[in-house]
Every structure is written in C-alpha cells, then in structure tokens.
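Protein sequence lines correspond, in order, to chains A and B.
1 is the number of the first residue of the first sequence in this note's numbering; add one for each residue after it.
283 is the number of the first residue of the second sequence in this note's numbering; add one for each residue after it.
Treat the hints as calculated values from the structure; they're not laboratory data.
Be a bit skeptical, because a hint or two may be false.
Beta-carbon label-pair distances, calculated as ranges [stated by the list, open to error]:
#1 B:454 with A:133: 53 to 61 angstroms
#2 B:485 with A:5: 22 to 30 angstroms
#3 B:406 with A:6: 33 to 41 angstroms
#4 B:564 with A:72: 25 to 33 angstroms
#5 A:164 with B:598: 42 to 50 angstroms
#6 A:162 with B:437: 50 to 58 angstroms
#7 B:341 with A:11: 19 to 27 angstroms
#8 B:334 with A:59: 43 to 51 angstroms
#9 A:271 with B:342: 46 to 54 angstroms
#10 B:406 with A:170: 49 to 57 angstroms
#11 B:564 with A:265: 30 to 38 angstroms
#12 A:164 with B:485: 37 to 45 angstroms
#13 B:598 with A:61: 18 to 26 angstroms
#14 B:545 with A:225: 26 to 34 angstroms
Where is the CB? At the ideal position from N, CA and C, for every residue including glycine.
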Amino acid sequence: MTLRDRWRKIVNFVMLSLTGVCAVVAVSMLFLILGYLVYNGWKSLDWNFFTKLPLAPGETGGGMANAIVGSVDIVALATLFGLPVGFMAGVYLAEFGGKTFSGLVRYTADLLNGVPSIVIGIFAWTVVVRPMHGFSALAGAFALGLILIPITARSTEQFMVSVPQTLREGALALGASKWKSIATVVVPAAYRGIATGMILGVARIAGETAPLLFTSLNNQFWSNGLTQETASLPYMIFIRAISPYDDWRRSAWAAGMVLLVGVLLANIAARLILSRGIEVQK
Amino acid sequence: MASPATTSARSPSGARAFFARLASGDEIARLITLAFACGILLLTVALVWQLWVHSAAARHKFGLGFLTGTDWDPVSGQFGALPFIYGTVITSAVGLLIAVPLGVGAAIFLAELAQPRLSSAFTFFIELLAAVPSVIYGVFAIFTLVPLMRDYVEPFLKRTLGFLPIFSGYILGVGYLTAGVILSVMTLPFIISISREALLEVPVEQREAALALGATRWESTWHVVVPWARLGIFGSIFLALARALGETMAVTMVIGNDPTIHASLFAPGYAIAAILANEFTEATGDLYQGSLIALGLVLFLLTIVINALARLLIVATTRRGSAHP
Numbered sequence: 001m002t003l004r005d006r007w008r009k010i011v012n013f014v015m016l017s018l019t020g021v022c023a024v025v026a027v028s029m030l031f032l033i034l035g036y037l038v039y040n041g042w043k044s045l046d047w048n049f050f051t052k053l054p055l056a057p058g059e060t061g062g063g064m065a066n067a068i069v070g071s072v073d074i075v076a077l078a079t080l081f082g083l084p085v086g087f088m089a090g091v092y093l094a095e096f097g098g099k100t101f102s103g104l105v106r107y108t109a110d111l112l113n114g115v116p117s118i119v120i121g122i123f124a125w126t127v128v129v130r131p132m133h134g135f136s137a138l139a140g141a142f143a144l145g146l147i148l149i150p151i152t153a154r155s156t157e158q159f160m161v162s163v164p165q166t167l168r169e170g171a172l173a174l175g176a177s178k179w180k181s182i183a184t185v186v187v188p189a190a191y192r193g194i195a196t197g198m199i200l201g202v203a204r205i206a207g208e209t210a211p212l213l214f215t216s217l218n219n220q221f222w223s224n225g226l227t228q229e230t231a232s233l234p235y236m237i238f239i240r241a242i243s244p245y246d247d248w249r250r251s252a253w254a255a256g257m258v259l260l261v262g263v264l265l266a267n268i269a270a271r272l273i274l275s276r277g278i279e280v281q282k
Numbered sequence: 283m284a285s286p287a288t289t290s291a292r293s294p295s296g297a298r299a300f301f302a303r304l305a306s307g308d309e310i311a312r313l314i315t316l317a318f319a320c321g322i323l324l325l326t327v328a329l330v331w332q333l334w335v336h337s338a339a340a341r342h343k344f345g346l347g348f349l350t351g352t353d354w355d356p357v358s359g360q361f362g363a364l365p366f367i368y369g370t371v372i373t374s375a376v377g378l379l380i381a382v383p384l385g386v387g388a389a390i391f392l393a394e395l396a397q398p399r400l401s402s403a404f405t406f407f408i409e410l411l412a413a414v415p416s417v418i419y420g421v422f423a424i425f426t427l428v429p430l431m432r433d434y435v436e437p438f439l440k441r442t443l444g445f446l447p448i449f450s451g452y453i454l455g456v457g458y459l460t461a462g463v464i465l466s467v468m469t470l471p472f473i474i475s476i477s478r479e480a481l482l483e484v485p486v487e488q489r490e491a492a493l494a495l496g497a498t499r500w501e502s503t504w505h506v507v508v509p510w511a512r513l514g515i516f517g518s519i520f521l522a523l524a525r526a527l528g529e530t531m532a533v534t535m536v537i538g539n540d541p542t543i544h545a546s547l548f549a550p551g552y553a554i555a556a557i558l559a560n561e562f563t564e565a566t567g568d569l570y571q572g573s574l575i576a577l578g579l580v581l582f583l584l585t586i587v588i589n590a591l592a593r594l595l596i597v598a599t600t601r602r603g604s605a606h607p
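Whenever a hint applies, use it, and build me the whole structure from the sequences.
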C-alpha cells in the first residue's frame with residue numbers, strides 16, 4: 001500500500017466520521033432543547049399554572065389560564081378561517097386548475113408561505129387593528145389564518161394529486177359528476193394526507209409569536225370578547241423570558257415546556273396518521 | 283361568410299354545455315374553489331399594497347437614502363435602515379457559516395452512510411427540530427446560550443483570534459454572534475432535510491461507477507454525488523437564508539437591541555425583525571410608523587428574492603417545488 005493510498009484511506013475515514021458527528025450534533029440539539037425545557041419547566045409547573053390568572057412579579061401562586069384559553073381561542077379562530085380557504089384552494093389546484101393560472105396561484109402560495117411572520121403581523125395590523133382602532137383576538141386570528149392558508153393549500157393539493165387517476169375515472173364511469181367524484185372518492189382517498197398537512201399547519205401557527213405582537217397583544221386578565229386584547233401562550237413566554245424577575249422567568253420555562261410538548265405531540269400524531277395510512281394502502 | 287353562422291351556432295351549445303355543467307354541480311364547484319384560489323392571490327396583492335401604502339410617509343421623506351441612513355432617532359424624527367439591514371445580514375451570514383457545513387455533513391451521513399432505519403429515525407427527529415416554535419429557541423438561547431457564549435466561547439475566541447476586529451471588544455453574551463449561533467440551530471433542519479432529498483435523487487449508478495474506478499466512499503461522495511446534487515443543496519441554503527433573514531423572536535431575545543453598527547461580532551446590534559417586534563406597538567406618528575413599515579417592506583423584498591432563488595434551484599433538481607421540507 002503506497003503512502004498516497006494510506007492517506008486516501010485516512011481522509012475517507014475521517015471525513016465519513018465527521019458527517020456522522022454532524023448528524024449526531026443536529027439531532028442532539030432537539031434533545032438538548034427538549035430536555036432542558038422539561039427539566040427546568042417541570043419544577044415550576046403546578047396545577048395553578050392551568051387554573052389561575054397571572055400575578056405581579058413577587059407574588060406566588062399565579063398561573064397562565066388566560067393565556068392558555070386565549071391561545072386556544074385565537075388558534076381555533078385562525079383554523080376556522082385558514083383551513084377552509086386553504087383546503088378549497090388546494091382542491092382547485094389539484095382538480096380544476098388549468099396550466100398558467102394555477103401555476104400563478106401555486107407560486108403565490110409558496111411566496112406567501114415564505115413571507116416572514118412578522119411582516120404578516122404588520123399586514124394584519126394595517127387591515128384589522130388600524131380600522132378597528134384596537135388590538136384584538138380577531139386580528140391575531142387573521143394573521144395566523146393567513147399563515148395557515150398557503151400551508152394547507154399546498155399540502156392538500158399534493159396529497160390529492162397523488163390519488164391514482166383510475167379512481168377518478170371509475171367514479172366518472174359510474175355516472176358521477178366531477179364534483180361528486182371529488183367529494184366521495186378523491187378526498188376520502190387522500191384524507192389521511194390532508195389531515196396530516198392540516199395538523200402540521202395548526203401546530204405551526206400555535207407556536208407563532210411574531211404575528212401576535214401587534215395584533216392580539218397581551219392581557220393580564222381574562223379577555224372579554226374577541227375584539228379585546230387577548231393573552232396568548234407564546235406572547236407570555238416572550239414577555240416573561242426577557243423580564244428581569246426570577247419567578248417570571250421560571251414561569252416562562254413552564255409555559256415553554258407546555259407549548260413545546262403540545263406542538264411536538266401534534267407533529268408526532270400527524271406523522272403517525274400518515275404512516276398508518278400508507279401501511280393500510282399496501 | 284360561414285364563420286359568423288358557425289360561431290352563433292356554437293355559442294348556444296357552449297352556453298348549454300355550461301348550464302348542463304352548472305346543473306350537475308361541476309361548474310359551481312369549479313367556481314367556488316376558483317374563488318378561494320383567487321383569495322390567495324388577492325390576499326398577497328393586498329399585503330404588498332398595504333406595506334407600500336403605509337410606508338408612504340417614510341418613503342417620501344427619505345427616499346432611497348432610507349436604506350443607507352445610519353441614524354435611528356424617533357425623538358428627532360431621523361430614521362435610517364442601515365444598522366438593521368446590517369444586523370439582519372450579519373447574523374444570517376454567521377448562522378449559515380455554522381449551519382451549512384454541519385447541515386450538509388449531516389445530510390451526507392443520512393443519505394449515503396446511515397442504515398435506512400437509523401436514517402429515517404434521524405430524519406424524523408430533524409423534522410421535529412424544524413417544528414420547534416421560534417420563541418422556544420429564544421427561551422433556550424437567552425437562558426443557556428447567552429451565559430455559555432459570555433463565559434466560555436467568546437473569551438476563548440478573543441484569546442485565540444482577538445487580533446481580528448470581528449473578535450475584539452467588550453463581551454456581553456448578547457450580540458451578533460449569539461444571534462447567529464441560535465439562527466444556525468434554527469436553519470439546520472431545513473438544510474438537512476432538503477439536501478438529503480437532493481442527495482437521494484442522485485442515481486445509484488453514479489456512485490457505483492466512481493467506486494468501480496477505485497474511488498473511496500468519501501471520494502465518490504464528495505467528487506461525484508455532491509456535485510450532482512449541488513443545485514438542490516444550494517436551494518436548501520437559500521431557503522435557510524430566507525428563514526434566517528425573517529426570523530424574529532429568537533433574534534430579538536439575544537441580539538442586544540442596539541441600533542448602531544459594530545464591527546465586532548461580540549457587540550450588541552439590532553435586526554429588522556427585532557426592531558419591528560420591539561417598537562411597532564409604541565410607534566407614534568406617521569413618520570415613525572411609516573419607517574417601521576418601510577423596514578417591513580425591505581425585509582419582505584429581501585426574503586421574496588431569496589425564496590424565489592431557492593425555489594428555482596430546488597425545482598431544477600428535485601422536480602417538486604414544494605416549500606415543505
């Protein structure tokens with residue numbers, strides 16, 4: 001074995017090991033963040049967290065009940081707005097679209113998906129907060145829904161396109177009209193994929209903070225109505241993490257843990273639904 | 283002579299066909315879904331329009347000088363975007379400098395070396411990492427990364443590379459470097475999952491040919507497989523760059539919030555998204571608000587251009603142009 005060959009072997013071994021190290025570093029980031037949040041969050045998580053209102057720094061026993069409810073409200077509203085619009089647009093792209101126009105819609109959806117969420121927040125501020133003269137849950141829901149639309153549209157399209165053409169032809173041959181074949185054959189065949197895309201989208205907007213900064217703002221108390229300033233979990237985490245008070249910072253850990261575990265569970269559930277579906281199809 | 287007759291003969295039948303489709307519901311379904319598809323276009327146009335209209339005050343007062351102005355003084359009504367553009371670009375560049383070698387290396391491992399079970403398990407974890415909300419990265423950064431950088435990493439860099447202006451000056455823990463490091467963790471999943479897909483698209487014959495010629499595993503990967511997939515890898519880098527530029531929460535929490543330009547990476551700075559997050563609700567007056575929205579417009583245009591480049595590159599290699607990694 002010449003010296004050059006030995007050198008090549010060494011390079012081969014070193015570089016391949018380094019790629020392995022890179023992969024381990026990347027994956028360990030997830031466990032580092034998760035472990036760190038669970039370790040610190042668990043200590044400050046108690047029943048009060050889910051049932052009590054926030055207290056001023058220094059007082060003990062406060063919780064984040066209003067932020068949890070506020071987050072659920074805003075995300076539910078955003079889902080009501082974003083999912084139907086995204087789903088219908090996705091059906092159009094998959095089933096009715098021509099070439100040029102649906103290409104334009106597809107490109108625009110991708111573009112909208114790439115817009116920084118803080119810019120979406122500015123847009124929601126200009127069209128909802130400013131005309132209504134006040135921050136509101138509605139404005140936050142509008143911003144989050146806007147983020148959800150392109151995600152839902154593209155994933156719905158993707159999974160409907162992958163339904164075999166023969167299924168559609170079978171339905172049409174039995175005399176069904178096109179929309180009936182879509183509603184009774186194509187959508188049911190693709191529903192696992194569509195549901196997965198939707199869950200992933202909702203999990204994504206549930207953790208979004210930037211668009212809420214100047215739409216739903218924050219509230220130390222229960223919000224009375226959708227046109228009022230509303231507390232949300234991500235906003236609360238942000239405010240408390242940058243605050244100088246120790247007990248506030250501890251509650252940021254707890255809230256962060258609750259949010260992260262929720263988002264990760266939704267992601268895992270979505271992927272389980274999808275992989276189940278593939279097994280059944282086989 | 284015959285043409286008007288044929289068209290007039292065809293148009294009622296065209297209309298009849300239209301009404302037949304309408305009666306069976308197909309046309310109604312098409313029109314309804316078309317309306318929602320148009321909704322996406324309208325919302326996007328409205329977004330651009332609103333940013334443009336509401337930034338009018340700043341655009342008229344400062345013109346293009348807004349982009350090169352270095353003063354940010356709400357009290358005297360002076361607004362310049364350069365410190366924020368600088369901070370956004372520098373933190374993103376630092377983030378990518380760390381994330382690209384790590385990400386491409388990990389993608390090579392997952393696509394070329396790892397057993398399928400291990401590879402799919404790792405890919406699953408990487409996808410979960412991409413799903414972590416940005417405010418969580420912020421919490422992690424502010425409580426662990428900042429002390430780590432302040433007490434160990436930055437003093438070490440100062441001792442060894444302190445002769446470089448970028449590694450000199452006061453050490454605070456918050457600043458461009460810390461923001462860049464957390465951005466690298468956040469962009470890593472995008473680089474890995476898209477680069478991995480691009481690498482998996484490379485035909486297996488390419489690898490076999492290189493190995494048959496006597497190349498080592500690494501040589502076949504580095505000289506044959508990676509060049510073959512380079513467009514997809516570049517695409518993933520651009521996509522990660524677009525993410526990094528628009529990233530708000532984590533950067534806001536650790537960049538230090540100082541609207542001046544510093545050569546040192548240890549120094550506190552500011553980013554476009556960060557100043558929007560901090561000052562937008564407090565901004566009073568058309569000029570102040572307009573300047574902030576103009577910053578939003580700059581950020582929007584920046585990410586749009588980078589995203590478009592990323593999509594073109596990814597489409598060129600993997601056929602699918604989906605934004606979802």
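Evaluated hints:
1. B:454 with A:133: 53 to 61 angstroms: violated (40 angstroms)
2. B:485 with A:5: 22 to 30 angstroms: holds (28 angstroms)
3. B:406 with A:6: 33 to 41 angstroms: Since the Cβ atoms of residue 406 of chain B and residue 6 of chain A sit about 38 angstroms apart, the hinted range of 33 to 41 angstroms holds.
4. B:564 with A:72: 25 to 33 angstroms: holds (28 angstroms)
5. A:164 with B:598: 42 to 50 angstroms: Taking Cβ atoms as reference, residue 164 of chain A and residue 598 of chain B lie about 28 angstroms apart, which means the hint is violated.
6. A:162 with B:437: 50 to 58 angstroms: Given range 50 to 58 angstroms: holds, Cβ gap about 54 angstroms.
7. B:341 with A:11: 19 to 27 angstroms: violated (55 angstroms)
8. B:334 with A:59: 43 to 51 angstroms: holds (47 angstroms)
9. A:271 with B:342: 46 to 54 angstroms: Given a distance of about 51 angstroms, which is inside 46 to 54 angstroms, the answer is holds.
10. B:406 with A:170: 49 to 57 angstroms: violated (35 angstroms)
11. B:564 with A:265: 30 to 38 angstroms: Holds, at about 36 angstroms.
12. A:164 with B:485: 37 to 45 angstroms: violated (26 angstroms)
13. B:598 with A:61: 18 to 26 angstroms: violated (58 angstroms)
14. B:545 with A:225: 26 to 34 angstroms: With a Cβ separation near 51 angstroms, residue 545 of chain B and residue 225 of chain A fall outside 26 to 34 angstroms, so the hint is violated.
Of the numbered hints listed earlier, those contradicted by the structure are 1, 5, 7, 10, 12, 13 and 14.
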